[in-house]
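> Sequence:
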Amino acid sequence: MALDKVQRRKPLSNQEEKELRRKKLIEGRKPNYFISLHVAQKAGDKAGYTKNKAFDNQYYRDLILKVLSQHSTMSRKDIDQLLWNKLPEWMTDEQRKSKVNNLITELKNHNKIVNKGSFKYSMWELVS
0 MALDKVQRRK PLSNQEEKEL RRKKLIEGRK PNYFISLHVA QKAGDKAGYT
50 KNKAFDNQYY RDLILKVLSQ HSTMSRKDID QLLWNKLPEW MTDEQRKSKV
100 NNLITELKNH NKIVNKGSFK YSMWELVS
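First residue of the sequence shown? That's 0 in numbering that gives the first Met the number 0, and the numbers climb one at a time after it.
Because the hints were derived from the structure by calculation, they are not lab data. Just so you know, not all the hints are guaranteed correct.
Unchecked claim - Across the chosen pairs, the derived CB separations fall in these ranges:
1. Lys76 with Met0: 39 to 45 Å
2. Arg8 with Gly43: 36 to 42 Å
3. Gly116 with Thr91: 34 to 40 Å
4. His37 with Met122: 22 to 28 Å
5. Arg7 with Lys65: 32 to 38 Å
6. Phe118 with Ala42: 32 to 38 Å
7. Gln40 with Tyr120: 19 to 25 Å
Idealized CB from N, CA, C, for every residue including glycine.
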């Protein structure tokens, strides 16, 4: 019953959450729980699990760098379009925007990319 709540994205009580975690049936952080890998494999929802689990930040950073090496410049809108549907389904639009912003900031702070446009109309390029 509680596992059904997770799949329907309904809130869990603290007791239900503890029990499902103890049995290793769910993953994620409150309130964004999703079924565990083991359950997803048994239920035949491997793709759904991967969409919820997401990838690590390095995957997203590498993707941005790869596309920049192919196209030389990208606007923030281009980067959003690239990553938006690759981010976890449970994220809200605001969370996705923040995640993309954090990824861009990390790349900028590590001198991988530079903004050649303005603040409002950014054009990101690889650092030469």
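> Evaluate each hint against the coordinates.
Cross-check of the supplied hints:
Remark: the range hint 39 to 45 Å for lysine 76 to methionine 0 is upheld by a beta-carbon distance near 43 Å. Between arginine 8 and glycine 43 the C-beta distance comes to about 19 Å, which lies outside the given range of 36 to 42 Å. At about 27 Å, the CB distance of glycine 116 to threonine 91 disagrees with the hint of 34 to 40 Å. As the Cβ distance of histidine 37 to methionine 122 is approximately 45 Å, the hint placing it in 22 to 28 Å is violated.
Under the hint 32 to 38 Å, the C-beta atoms of arginine 7 and lysine 65, about 37 Å apart, fit the expected range. As the Cβ distance of phenylalanine 118 to alanine 42 is approximately 46 Å, the hint placing it in 32 to 38 Å is violated. At about 45 Å, the CB distance of glutamine 40 to tyrosine 120 disagrees with the hint of 19 to 25 Å.
Violated hints, listed in ascending order, are 2, 3, 4, 6 and 7; each of the other numbered hints is respected by the structure.
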